[in-house]
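Protein chains: 2
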Amino acid sequence: MSNTQTVTLRQTATPADREHVRAIVESTGMFRPDEVDVAVELVDERLAKGEPSGYYFLFAEQQGRVVGYACYGPIACTVSSFDLFWIAVCQDQQGRGLGRRLLEESERLIARAGGTRIYIETSGRSDYLPTRRFYERCGYAVEATLADFYAPGDDRVIFGKVLGAWQDQH
Amino acid sequence: MSNTQTVTLRQTATPADREHVRAIVESTGMFRPDEVDVAVELVDERLAKGEPSGYYFLFAEQQGRVVGYACYGPIACTVSSFDLFWIAVCQDQQGRGLGRRLLEESERLIARAGGTRIYIETSGRSDYLPTRRFYERCGYAVEATLADFYAPGDDRVIFGKVLGAWQDQH
Chain A
128 MSNTQTVTLR
138 QTATPADREH
148 VRAIVESTGM
158 FRPDEVDVAV
168 ELVDERLAKG
178 EPSGYYFLFA
188 EQQGRVVGYA
198 CYGPIACTVS
208 SFDLFWIAVC
218 QDQQGRGLGR
228 RLLEESERLI
238 ARAGGTRIYI
248 ETSGRSDYLP
258 TRRFYERCGY
268 AVEATLADFY
278 APGDDRVIFG
288 KVLGAWQDQH
Chain B
128 MSNTQTVTLR
138 QTATPADREH
148 VRAIVESTGM
158 FRPDEVDVAV
168 ELVDERLAKG
178 EPSGYYFLFA
188 EQQGRVVGYA
198 CYGPIACTVS
208 SFDLFWIAVC
218 QDQQGRGLGR
228 RLLEESERLI
238 ARAGGTRIYI
248 ETSGRSDYLP
258 TRRFYERCGY
268 AVEATLADFY
278 APGDDRVIFG
288 KVLGAWQDQH
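Sequence lines, in order, name chains A and B.
By our numbering, the letter at position 35 of the first sequence is numbered 162, and the numbering carries on one by one without gaps.
By our numbering, the letter at position 117 of the second sequence is numbered 244, and the numbering carries on one by one without gaps.
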């Protein structure tokens, strides 16, 4: 675990993060080009509008290199529900606890901002099984499955987690 | 039903529709001020960006007055799924089949644009029971319920409908 101990987290997004996000998301091999574009667009929205964009970022840096990130935000028309829009770690840095650290720190920031529930949407495809297992290990449960949502044979799986008082004590 | 026969539908949004949408949504008494603002913001997005906004509108006019509207669009990162974001009819014009006409015409336009599935999200609160019954009468089925999503005691109910070949023949 020595590698993860040198990781620092930062919340402020910079123009350079457009390419960091693109590189991280592309490296995973899990997303189509149009999905990669959506990931970068959220950085653009944040840079252009600031907090009113509704997109909050958390970047993980290791020896000056951005190796992972999370993007979350409050869900419009809800009192205290948040979406985790993206969480990704560079292919060559996976399996070292970075994803869990990004997710737990996101939960802490969301709880601090008044959030009580977090939702994460992902695919039901078999190649997303490790992703779904990761969310389950982090305390998320499947709240809904929408058949063929993304494409024929590609379900939308909605995970949820209720934040407790313990998050504030972290 | 003579009233509905004089209704005309149009797709192009104009700046005046900002206030039409606000008046229609407010008249229903079903939405909080922040939700009304979101409805108007979608008109703003459409006026500012055109089709790339991803928001498509359908307005129902009766004797020169806009009495109802629907707003739908393709869901990012899906192949052919669409969201019906809003559908509302002025309080004093409800119960005359305008909602059904707006919904069926939206379905026809979505099918023509290549859409195969439509999703509608609404509240599980008891005051939304007539709304949920309306979607069921129009062929939508509950695909998922997310407990306490909007607020404690206020579930998110996701309705879905698979579009068939018949829509194109309409």
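There may be inaccurate statements among the hints.
No copy labels: a pair is met if it fits in one copy or bridges any two.
Said to hold, decoys possible - The calculated lysine to aspartate or glutamate pairs, modelled on EDC-like cross-linking and capped at a C-alpha distance of 20 Å, are:
(1) 176 / 219
(2) 176 / 146
(3) 176 / 161
(4) 176 / 263
(5) 176 / 164
(6) 176 / 254
(7) 176 / 275
(8) 176 / 232
(9) 176 / 231
(10) 176 / 210
(11) 176 / 188
(12) 176 / 282
(13) 176 / 144
(14) 176 / 281
(15) 176 / 270
(16) 176 / 153
(17) 176 / 248
Bear in mind the hints are in silico, worked out from the structure with no lab data behind them.
Outcome of the hint check:
1. 176 / 219: neither (32 Å within a copy, 39 Å between copies)
2. 176 / 146: Intra 19 Å, inter 25 Å, cutoff 20 Å: intra-copy only.
3. 176 / 161: Only across copies: residue 176 and residue 161 sit 19 Å apart there, 22 Å inside one copy, limit 20 Å.
4. 176 / 263: So residue 176 and residue 263 fail the 20 Å test inside a copy (33 Å) and across (39 Å) alike.
5. 176 / 164: So residue 176 and residue 164 pass the 20 Å test inside a copy (18 Å) and across (18 Å) alike.
6. 176 / 254: Result: close neither inside a copy nor across copies, 35 Å intra and 36 Å inter.
7. 176 / 275: Close neither inside one copy (34 Å) nor across copies (30 Å); limit 20 Å.
8. 176 / 232: neither (23 Å within a copy, 35 Å between copies)
9. 176 / 231: Neither: 26 Å inside a copy, 37 Å across copies.
10. 176 / 210: For residue 176 and residue 210, only the intra-copy Cα distance (19 Å) is at most 20 Å; the inter-copy one is 25 Å.
11. 176 / 188: Intra 24 Å, inter 35 Å, cutoff 20 Å: neither.
12. 176 / 282: For residue 176 and residue 282, neither the intra-copy (32 Å) nor the inter-copy (30 Å) Cα distance is at most 20 Å.
13. 176 / 144: within (15 Å within a copy, 25 Å between copies)
14. 176 / 281: neither (33 Å within a copy, 30 Å between copies)
15. 176 / 270: neither (32 Å within a copy, 34 Å between copies)
16. 176 / 153: Neither: 25 Å inside a copy, 28 Å across copies.
17. 176 / 248: neither (24 Å within a copy, 27 Å between copies)
In this structure, the hints that do not hold are numbers 1, 4, 6, 7, 8, 9, 11, 12, 14, 15, 16, 17, in rising order.
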